[in-house]
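The hints should help you fit chain B onto chain A, whose structure is shown.
2 protein chains.
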Amino acid sequence: MVELNFKPGDKVRLRLALEELDGQVLESSDSSVLLLKLESGYNVGIPKENILAGRILSKFNDEKTDEKNDFKLPSNAERNVGLIITGGTIASKLDSRTGGVKPLTDINEFAKFYPEIFKIVNVKKIEVPFMIASESMTPDHWIKIAESVERMLIDKEIDGVIVTHGTDFLGYTAAALSLFLRNLNKPVVLTYSQRSIDRASSDANLNLQCAARMAVSDCAEVMIVGHATINDDFCFAMPGNRTRKLHSSRRDAFKPVNDIPIAKVWPDKVEFIRIYKKRDDKRKVELDINFNDKVALVKYYPGQSSDILDYYALKHKGIVIEAAGLGHLPVTEAATNWIPRLKKHIKEGFSVCAAAQTIYGRLDPYVYSNGRELVDAGVIFLEDMLAETALVKLGWVLGHRGWIGKVKEKMLENFAGEIGDRLHV
Amino acid sequence: MVELNFKPGDKVRLRLALEELDGQVLESSDSSVLLLKLESGYNVGIPKENILAGRILSKFNDEKTDEKNDFKLPSNAERNVGLIITGGTIASKLDSRTGGVKPLTDINEFAKFYPEIFKIVNVKKIEVPFMIASESMTPDHWIKIAESVERMLIDKEIDGVIVTHGTDFLGYTAAALSLFLRNLNKPVVLTYSQRSIDRASSDANLNLQCAARMAVSDCAEVMIVGHATINDDFCFAMPGNRTRKLHSSRRDAFKPVNDIPIAKVWPDKVEFIRIYKKRDDKRKVELDINFNDKVALVKYYPGQSSDILDYYALKHKGIVIEAAGLGHLPVTEAATNWIPRLKKHIKEGFSVCAAAQTIYGRLDPYVYSNGRELVDAGVIFLEDMLAETALVKLGWVLGHRGWIGKVKEKMLENFAGEIGDRLHV
Numbered sequence: 001m002v003e004l005n006f007k008p009g010d011k012v013r014l015r016l017a018l019e020e021l022d023g024q025v026l027e028s029s030d031s032s033v034l035l036l037k038l039e040s041g042y043n044v045g046i047p048k049e050n051i052l053a054g055r056i057l058s059k060f061n062d063e064k065t066d067e068k069n070d071f072k073l074p075s076n077a078e079r080n081v082g083l084i085i086t087g088g089t090i091a092s093k094l095d096s097r098t099g100g101v102k103p104l105t106d107i108n109e110f111a112k113f114y115p116e117i118f119k120i121v122n123v124k125k126i127e128v129p130f131m132i133a134s135e136s137m138t139p140d141h142w143i144k145i146a147e148s149v150e151r152m153l154i155d156k157e158i159d160g161v162i163v164t165h166g167t168d169f170l171g172y173t174a175a176a177l178s179l180f181l182r183n184l185n186k187p188v189v190l191t192y193s194q195r196s197i198d199r200a201s202s203d204a205n206l207n208l209q210c211a212a213r214m215a216v217s218d219c220a221e222v223m224i225v226g227h228a229t230i231n232d233d234f235c236f237a238m239p240g241n242r243t244r245k246l247h248s249s250r251r252d253a254f255k256p257v258n259d260i261p262i263a264k265v266w267p268d269k270v271e272f273i274r275i276y277k278k279r280d281d282k283r284k285v286e287l288d289i290n291f292n293d294k295v296a297l298v299k300y301y302p303g304q305s306s307d308i309l310d311y312y313a314l315k316h317k318g319i320v321i322e323a324a325g326l327g328h329l330p331v332t333e334a335a336t337n338w339i340p341r342l343k344k345h346i347k348e349g350f351s352v353c354a355a356a357q358t359i360y361g362r363l364d365p366y367v368y369s370n371g372r373e374l375v376d377a378g379v380i381f382l383e384d385m386l387a388e389t390a391l392v393k394l395g396w397v398l399g400h401r402g403w404i405g406k407v408k409e410k411m412l413e414n415f416a417g418e419i420g421d422r423l424h425v
Numbered sequence: 001m002v003e004l005n006f007k008p009g010d011k012v013r014l015r016l017a018l019e020e021l022d023g024q025v026l027e028s029s030d031s032s033v034l035l036l037k038l039e040s041g042y043n044v045g046i047p048k049e050n051i052l053a054g055r056i057l058s059k060f061n062d063e064k065t066d067e068k069n070d071f072k073l074p075s076n077a078e079r080n081v082g083l084i085i086t087g088g089t090i091a092s093k094l095d096s097r098t099g100g101v102k103p104l105t106d107i108n109e110f111a112k113f114y115p116e117i118f119k120i121v122n123v124k125k126i127e128v129p130f131m132i133a134s135e136s137m138t139p140d141h142w143i144k145i146a147e148s149v150e151r152m153l154i155d156k157e158i159d160g161v162i163v164t165h166g167t168d169f170l171g172y173t174a175a176a177l178s179l180f181l182r183n184l185n186k187p188v189v190l191t192y193s194q195r196s197i198d199r200a201s202s203d204a205n206l207n208l209q210c211a212a213r214m215a216v217s218d219c220a221e222v223m224i225v226g227h228a229t230i231n232d233d234f235c236f237a238m239p240g241n242r243t244r245k246l247h248s249s250r251r252d253a254f255k256p257v258n259d260i261p262i263a264k265v266w267p268d269k270v271e272f273i274r275i276y277k278k279r280d281d282k283r284k285v286e287l288d289i290n291f292n293d294k295v296a297l298v299k300y301y302p303g304q305s306s307d308i309l310d311y312y313a314l315k316h317k318g319i320v321i322e323a324a325g326l327g328h329l330p331v332t333e334a335a336t337n338w339i340p341r342l343k344k345h346i347k348e349g350f351s352v353c354a355a356a357q358t359i360y361g362r363l364d365p366y367v368y369s370n371g372r373e374l375v376d377a378g379v380i381f382l383e384d385m386l387a388e389t390a391l392v393k394l395g396w397v398l399g400h401r402g403w404i405g406k407v408k409e410k411m412l413e414n415f416a417g418e419i420g421d422r423l424h425v
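As you go down the protein sequences, you meet chains A and B in turn. Using our numbering, read the first sequence as starting at 1 and increasing by one per residue. Using our numbering, read the second sequence as starting at 1 and increasing by one per residue.
The shape of chain A in the complex, shown without the other chains:
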């Protein structure tokens, strides 16, 4: 076996039995395998015993500073983005010890794994407010991310912002940003990966390149950018507060719900599918991070006792219930009638909202008497808003002192496209 003194990031040429391969060396958790990123963007793992010879074409320049606001990677790109790294699989690599993954905390290491985006955009600023898996996030993290994004949006030289994030609760953060950043002036693009970059099947590279492309596009919305299909061919840009993770492992896990994608995205182009809010550098973005985290989400299941309302009303200001069907809960004729406790707590100032546990579709309290009784009791029916978005919005609405007594009105006000036009469904 030949000796290979390659380091991650090096561009190399390998001679195999039947072909020559050029590519960039990636970190590999398996010392018997050389992981190579090809020009096509695909990663291939080559058993070292199959490599007849290899030479370095260009060494990776590892002498960047990682000083936060002055970080600049070599780029010929003309447009600038801000990059916010928060953790998750997209900022993880295989841990050869456990077989699991560990965070990719170092910025230079991040750049080694993702060299392509620097061809599309110039990363003018990087912030790493924290590095955690998204299942560990709380509303405090949404606020920190929003503050980072706002700092970048007000920078005249930055054209758009990319946020890399874990997949599990990416939808919540996107919904929060869509509400926290009022009067948005530029693209805010969240992206992710389902499989870490050192696996051959990783979706990270395409997602990040398409996120970069979208971040310099004309669309001033909060978007999630990720694989449109299970193939590694193109991405969708999807509305941040109307997109849900709908698969635990597939590369196209994120789907718009009750909506269509904003655009199809490739590393080198964007094809818009629907109308969108356009960028306007003169618009002054406003950060509105008033938030009351005393809100809860409950998915109703058959036979569930309404006691759960007592439990939550004790320490919380409001609740989103994933109701059945068009927004149903057991009422008058049912063994477990929810109406008395709903009335009691709503009267005492507890806000109760209904969202659809079917995921897709719109609530309609006026088809069955069940729904009408719930409206009479004071339940707020949230149209076709995602339950996850509804939880974020309820905390945000309740966080505004000026909106006391206006919870229903504000929950049904369409601040950032979180409620769909009836014509869309």
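Watch out, some of these pointers could steer you wrong.
Which copy? The list can't say, so a pair holds if one copy fits it or any two copies do.
Said to hold, decoys possible - Each computed BS3-like pair below joins lysine-lysine, with the alpha-carbon atoms no more than 30 Å apart:
id, residue 1, residue 2
1, Lys59, Lys156
2, Lys317, Lys156
3, Lys11, Lys410
4, Lys264, Lys156
5, Lys317, Lys264
6, Lys282, Lys410
7, Lys343, Lys294
In case anyone wonders, no lab produced these hints; they're calculated from the structure.
Quick look at chain B alone, frame taken from chain A:
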């Protein structure tokens, strides 16, 4: 305007300006409109002012008895089914007073609305254990339905059973039947409608006809039969414990999750898509309705306190948590670490299962350290089982005294196809 002395169920011929129409009169909530079911199965509403003339071709014979176990509607069909009516939209009609719907409680009235199924099958027995909307159902209702189904399955003359049911929690009942009816010998088909039969867009008629066709098929599984698409063209027969309501109003609201449909179904034929358990009249069905209703379902959301475990552990024996991603909850490094309370309650005999809040996909606790910590704490990862099915199954497993100490083993035993083959996903 001509005088029309038609009654619901009458077969009539109408003369309009440009055509003649034959059909059966349906009840209409609007007295200015005659609702007619055409031979094609479609319902049309005709403003009475447009009717130039009309005559009765045959009067509806309204003199059936509704004695439960002797009910027989005229039918030339050779095969017999049992019919269980439990409420829901499929057994509802428009209430012209409120604009909502009200239950279709009378059997003869039911037969008037659904004459077609009696051409496909002979309804030998009818049971109406209760009439409620499915959102008001509790585990006691699942047990009553299972008892009705079993009584019919042991009748040698009955080829299969149809259960009409509300849509909201149809999936839970189907999951329960798949577990409660061990060693199933014949088809058990649940069906529904999203829109009541007196609306022109109703899906009820096609669903019921396809359910009848499936009930006399060769497939001895618990199935949900309903529209395959938004068109009124054909239905899918879907596995009862792996199918979920995924839209609040569309006719094709039910979708198999992590699975494919069992068959395509038309009123006159079945095309099987995958292998299935075949009917065997010699098999002796066993009713196993041991059930502990002290189980709960919780969907984890960002920042949720693990206090909720204390609340449920107080009065419950087990819980299914809709965890994030591959089965994640906040662990060691998170502000809200769930591990200490999980360990405490699991040690004291409280069963904690994880299902996927992404709906689609399989859990895998071994990819991230997060999952491994939860396994170590004793959380049972339920592969690709639907959260709704998991709740039913947990109550069923905990209802068996003989299985104390074997909860994990039994939850992961594949009793009725509720866990998918890895190759399917």
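Here is what the structure says about each hint:
no.	hint	in the structure
1	Lys59 <-> Lys156	neither (34 Å within a copy, 80 Å between copies)
2	Lys317 <-> Lys156	neither (39 Å within a copy, 58 Å between copies)
3	Lys11 <-> Lys410	neither (55 Å within a copy, 53 Å between copies)
4	Lys264 <-> Lys156	within (27 Å within a copy, 58 Å between copies)
5	Lys317 <-> Lys264	neither (40 Å within a copy, 48 Å between copies)
6	Lys282 <-> Lys410	within (27 Å within a copy, 62 Å between copies)
7	Lys343 <-> Lys294	both (20 Å within a copy, 26 Å between copies)
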